[in-house]
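Asks: Produce the entire structure from the sequences given, and follow the hints as far as they go.
There are 2 protein chains.
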Amino acid sequence: MAKNSLPTDPADGALLAHCRGIAERARQAAVELADAQTNTKIACLAAIAAEIRAHVPAILKANAVDLAAAPGFGLTDAAVDRLRLDQARIEGIAAGVEAVARLADPVGEVIERRALPNGLEVQKVRVPLGVVFFIYESRPNVTADAAAVAVASGNAIILRGGKEAAASSRAIVDCVRVVLPQHGLPADAVQLVDTADRTAVGHFLAMDDLIDLAIPRGGESLIRRVASEARMPVLKHFSGNCHVYVDRAADLEMARDITVNAKCQRMGVCNAAESLLVHADVAAEFLPKVARELTARGVELVGDVAAQQLVPEMGEASDDDFRTEYLGPKMSVAVVDSLDAAVAHINRYGSRHTDAIITSDHSASERFATRVDTAVVMVNASTRFNDGGELGIGAEIGISTDKLHARGPCGTRELTTYKYIVSGSGQVRG
Amino acid sequence: MAKNSLPTDPADGALLAHCRGIAERARQAAVELADAQTNTKIACLAAIAAEIRAHVPAILKANAVDLAAAPGFGLTDAAVDRLRLDQARIEGIAAGVEAVARLADPVGEVIERRALPNGLEVQKVRVPLGVVFFIYESRPNVTADAAAVAVASGNAIILRGGKEAAASSRAIVDCVRVVLPQHGLPADAVQLVDTADRTAVGHFLAMDDLIDLAIPRGGESLIRRVASEARMPVLKHFSGNCHVYVDRAADLEMARDITVNAKCQRMGVCNAAESLLVHADVAAEFLPKVARELTARGVELVGDVAAQQLVPEMGEASDDDFRTEYLGPKMSVAVVDSLDAAVAHINRYGSRHTDAIITSDHSASERFATRVDTAVVMVNASTRFNDGGELGIGAEIGISTDKLHARGPCGTRELTTYKYIVSGSGQVRG
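These protein sequences, in sequence, are chains B and H. Going by my numbering, the first residue of the first sequence is number 1, and it counts up by one from there. Going by my numbering, the first residue of the second sequence is number 431, and it counts up by one from there.
Any given hint could be a false lead.
[To be verified] Computed beta-carbon distance windows for the label pairs:
{"#": "1", "chain 1": "H", "residue 1": "G648", "chain 2": "B", "residue 2": "S425", "range": "30 to 40 Å"}
{"#": "2", "chain 1": "H", "residue 1": "G443", "chain 2": "B", "residue 2": "A95", "range": "52 to 62 Å"}
{"#": "3", "chain 1": "B", "residue 1": "S221", "chain 2": "H", "residue 2": "A518", "range": "12 to 22 Å"}
{"#": "4", "chain 1": "H", "residue 1": "R450", "chain 2": "B", "residue 2": "G74", "range": "39 to 49 Å"}
{"#": "5", "chain 1": "B", "residue 1": "E98", "chain 2": "H", "residue 2": "E528", "range": "39 to 49 Å"}
{"#": "6", "chain 1": "H", "residue 1": "D791", "chain 2": "B", "residue 2": "G119", "range": "15 to 25 Å"}
[As the list claims (entries may be wrong)] Restricting the straight-line Cα-Cα distance to at most 27 Å, the calculated cross-link-like pairs of lysine-lysine (DSS-like) are:
{"#": "7", "chain 1": "B", "residue 1": "K61", "chain 2": "B", "residue 2": "K163"}
{"#": "8", "chain 1": "H", "residue 1": "K554", "chain 2": "B", "residue 2": "K124"}
{"#": "9", "chain 1": "B", "residue 1": "K236", "chain 2": "B", "residue 2": "K330"}
{"#": "10", "chain 1": "H", "residue 1": "K666", "chain 2": "B", "residue 2": "K236"}
{"#": "11", "chain 1": "H", "residue 1": "K666", "chain 2": "B", "residue 2": "K124"}
{"#": "12", "chain 1": "B", "residue 1": "K236", "chain 2": "H", "residue 2": "K554"}
[Stated by the list, open to error] Below, a sample of chain H positions facing chain B; criterion: calculated Cβ distance under 7 Å:
{"#": "13", "residue": "T506"}
{"#": "14", "residue": "I688"}
{"#": "15", "residue": "A811"}
{"#": "16", "residue": "T847"}
Rather than coming from a laboratory, the hints here were simulated on the basis of the structure. From the three backbone atoms N, C-alpha and C, an ideal C-beta is built for every residue, glycine too.
Replies: Below, the structure written as C-alpha cells:
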C-alpha cells in the first residue's frame, strides 16, 4: 500500500488535499461525461483541434520554456528532439485529435440483450470506466492524444506528464479546457497535475475510491513502481520480448524477409523481434542465410548449441538472453524440434506481446495461434504490425501485456466497461 | 508482495516446490484445454455428472468423514447443514454440472474481424484466461460448480477449498479427474490443493508467471487478504451495499413491494437492499407506510434528519450506517431532493453492486441508469434479481464488484480474454 496515505507532515497534508480535490472534480466530471452524446464529443474534439491550431504561437512559446530548461534535466539530444515542437508537429497533434474524433463511439453499445420469462428485460451496455490516472514521460503530443482518447471514451482523465514537458503540456491542456465547457462538457474532464512533487503520484495511486484505472507509460521502472503502489487496477505494458518462429513448412524467403523486418526495421520499439526460433528440419538451410543478413545489419546473434553448430560465429545464449528484450542490435536464436516446442519456449520466455509464425501449413498456424499465450499472433507477417494504427484500431493510449480486461493495443473501447440495466414492471423475487 | 516467496525453511521450500508443481501442471493443462473442441467439453461435463451419480456412496462416505470432523472445526449448525450431503443434494450437484454443459461455449468466438488495405486479416478471438486459482470456503457443491465452469471455459483450475469439506471435495474432484482423460482432456485441468498448510495460499498468490487470475469466494477478510497478497489479478466481490431509490414519479405501491422484497426476502445475501432513498416530494406519503411494513418484518430503520421527522421512531443514521452492508434486519434511510442527489449518494456510499430506481418516468430511469456507477441497475425491479441464474447468464463463479474485466455475475464468458490473430502473406512494415 502507498506509504503516503496517512500524511502527518502538514505540507504533505496540503498536497494530499490538493490531489484529492483534483480526483473529486474528476469523479464528478466523469458522471457528466457518461451522459454525453456522441455528437457532442465529436464536435468538442473538432473544436479542440481548431483551438490547438489557433494557439500555435502560445504553444511554441511554452515549448521554448521547456527547451530552455531541458539541459537542466540532463535530456539526451534524442529526448530534446522528441520534446521540440514546430508548426508541423503541432499540426500533427491537432490532426491526431481529429483522428480520434473519427473513431466509433464505444459508449452506449448494447453488448447483449435478453428478455426473461418473468418479463424482465436485461441489457448489457458499454459504459466509460470513469476516472483514469495517466502517468507518462515527456512528449507533448501524448498529452493531446490522451486527452482526446479520454473525452472520446467518456472518461475523465488526470494527466501527470513529465516535468520536462510541463509548459508545453500546460499550453495544450489549456486549449482543451477552454473548449470543453463550450460544448457543455465539464472542464475538469481533463486535468493536468500542476505540482512537480513526486509524492503526488503516491497520493493518486492510493485513491481507489475515486480513480478507476492507472496507466503508466514509460520505462519499466515507472511501470513497476505504479503496479506495486497502486490500489486500483493498472494497465500494464511490460516488455515486448517478441518471437519469430520459422516452421518446417515455412516459405524460407518470406521467413527471411519477415525476420529481418521484425528485428531491424526499428530496433528500439516494443514490437521488434528479440528472439528467433527455427524448426530443426529447415534450420540448416535457413539459419546461415538469415544470420548473414542480420549480421550485415549489425545484429549480434546468440544461440543455443544447435544454432551455434550451424552458425559457428554465434555466441552462446544464456537463459537470461532468451528472456531479454534487447531493444537494440542483438537477437537470441534457438533450434526447436517441433511446433509444440516452439510454443513451449514462447510461453516460458515470452512476454505475451507479439509472436509470429511463418508457415504455409494452415493446421500448423492454427495450432500455434491457439496454443501460444500472447496478445497478438502474427501468421506470415512481421511483429512490427502490432500497434493501434497498423491493426485498424486507431489511437492507442498504450499496449497491454496483461490478459485481463484488455490485451494488446488499448484505444477508446479498452477504456470502457459495461453495466447491466434490468428493466421491469414491479417484479419481486419469490 | 507475498512474504513467502523466498522461503529459507527447508520444509517451506518443499511446500513451495509442491505448489509450483501443481501450478506448472495446470499451466500445461491450460495449453491443451485451449485447443479442446466444444463437443469434447460438453461430452466430458456430461460424463462428469454421470460419474458423480455413480459414486453417491463414495461421496457420502467422504462427506461422513467431514461431518465427523466438523465439531473440531467449531462449525455452527448452519455451517454443518451446508456441509451435509445426501442423495438429493448430490443429484443437485450432478444436475448443476449438466447445466453448465448447456451454456454456449464462449471460446473461439470471433469478436471482431477486419481486412486491412495491405492484405492483413485481423481477427479478435475469444480465448480462455489460462490458469485460475480458486480459494473458497466450505460447501462441497462449489467444488463441482467451479470445476465445471473452468472446463466449460477452457481454463485449468487449482481448487483450494475449505478444510471443513476436504474429504467431500476430494471425492468430487476424483470423479472429475477420472473422466477428463477419457475425453482426451488433461486430468490436471482440475487439481485440488491437498495440503492444509495455509502457507500454500501465499505461495500460489506469488506465482503470477503461472496463474492468470485468483478468485477468492468467502468473507471479506479472505478477499482482502487475497487482494493484498496476490501478484496476479483478483476477481473481487466486496460488499453488496445495495440501494433502492424511490423517485418522485414512482408508483408507490410498486415501490413498497420492491423495497420490502429487496430488503426482506432473504436478508443475509449480497443482493439484498441495505439502504432506501426517497425523493422529498413523495417521502411524506411513502416513508411512514413502508416503515410500518419493514418494522413489522423486524427491520430496524436508521435515517437522516428528514427521514426521522417523517418516522419519529427511526434512529439516527451515521455516515458509517450509509456505508454498511448489514446482511441482516437493519436498513438506512435518506430523503433526497432530486434524482441527482440520489445518484450522488449511491456513487459516494454504494459498493457498485446493485442499485434500483422505482419510477414511471422514463427519462428519470435513463438518467439514473447512465449516471449511477454500479454493476447492475434495476429499473422497477427488486435488487434480488442480480445473480447469474436470475439474469439468464447461467452458473456463476462469483459476482464482481470490480469495474475492469468483468462486472456483476461472472460465468464462463467472464473467464475468457481475447487475442488478436493477424494473418498475412509475407507483409513487412515499410
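Asks: May I ask you to test the hint 52 to 62 Å on the CB atoms belonging to G443 (chain H) and A95 (chain B)?
Replies: The hinted range 52 to 62 Å holds for G443 (chain H) and A95 (chain B), with Cβ atoms some 58 Å apart.
Asks: Are K554 (chain H) and K124 (chain B) close enough, with their CA atoms no more than 27 Å apart?
Replies: Holds, at about 20 Å.
Asks: May I ask you to test the interface hint for T506 (chain H) with respect to chain B, counting a Cβ-Cβ separation under 7 Å as satisfied?
Replies: violated, 26 Å
Asks: Can the suggested window of 39 to 49 Å be confirmed for the beta-carbon pair E98 (chain B) and E528 (chain H)?
Replies: About 54 Å separates the Cβ atoms of E98 (chain B) and E528 (chain H), which means 39 to 49 Å is violated.
Asks: Would you say the C-beta atoms of D791 (chain H) and G119 (chain B) sit inside 15 to 25 Å of each other?
Replies: The hinted range 15 to 25 Å holds for D791 (chain H) and G119 (chain B), with Cβ atoms some 19 Å apart.
Asks: Please verify whether K666 (chain H) and K124 (chain B) have alpha carbons no more than 27 Å apart.
Replies: Holds, at roughly 20 Å.
Asks: Does the CB of A811 (chain H) sit less than 7 Å away from some CB of chain B?
Replies: holds, 3 Å
Asks: Given the range 12 to 22 Å, decide if the beta-carbon distance of S221 (chain B) to A518 (chain H) lies inside it.
Replies: Violated: the Cβ-Cβ distance is about 58 Å, outside 12 to 22 Å.
Asks: Does K163 (chain B) sit within 27 Å of K61 (chain B), going by the straight-line distance between their CA atoms?
Replies: holds, 16 Å
Asks: Assess, step by step, whether the Cα of K236 (chain B) is no farther than 27 Å from the Cα of K330 (chain B), and give holds or violated.
Replies: Between K236 (chain B) and K330 (chain B) the Cα gap is close to 25 Å, so the pair holds against 27 Å.
Asks: Does the closest beta carbon of chain B sit nearer than 7 Å to the beta carbon of T847 (chain H)?
Replies: Result: holds, 5 Å to nearest chain B Cβ.
Asks: Next pair to validate is K236 (chain B) with K554 (chain H); report whether the Cα-Cα distance is within 27 Å.
Replies: holds, 20 Å
Taken one by one, the earlier hints fail for this structure at numbers 3, 5 and 13, listed in ascending order.
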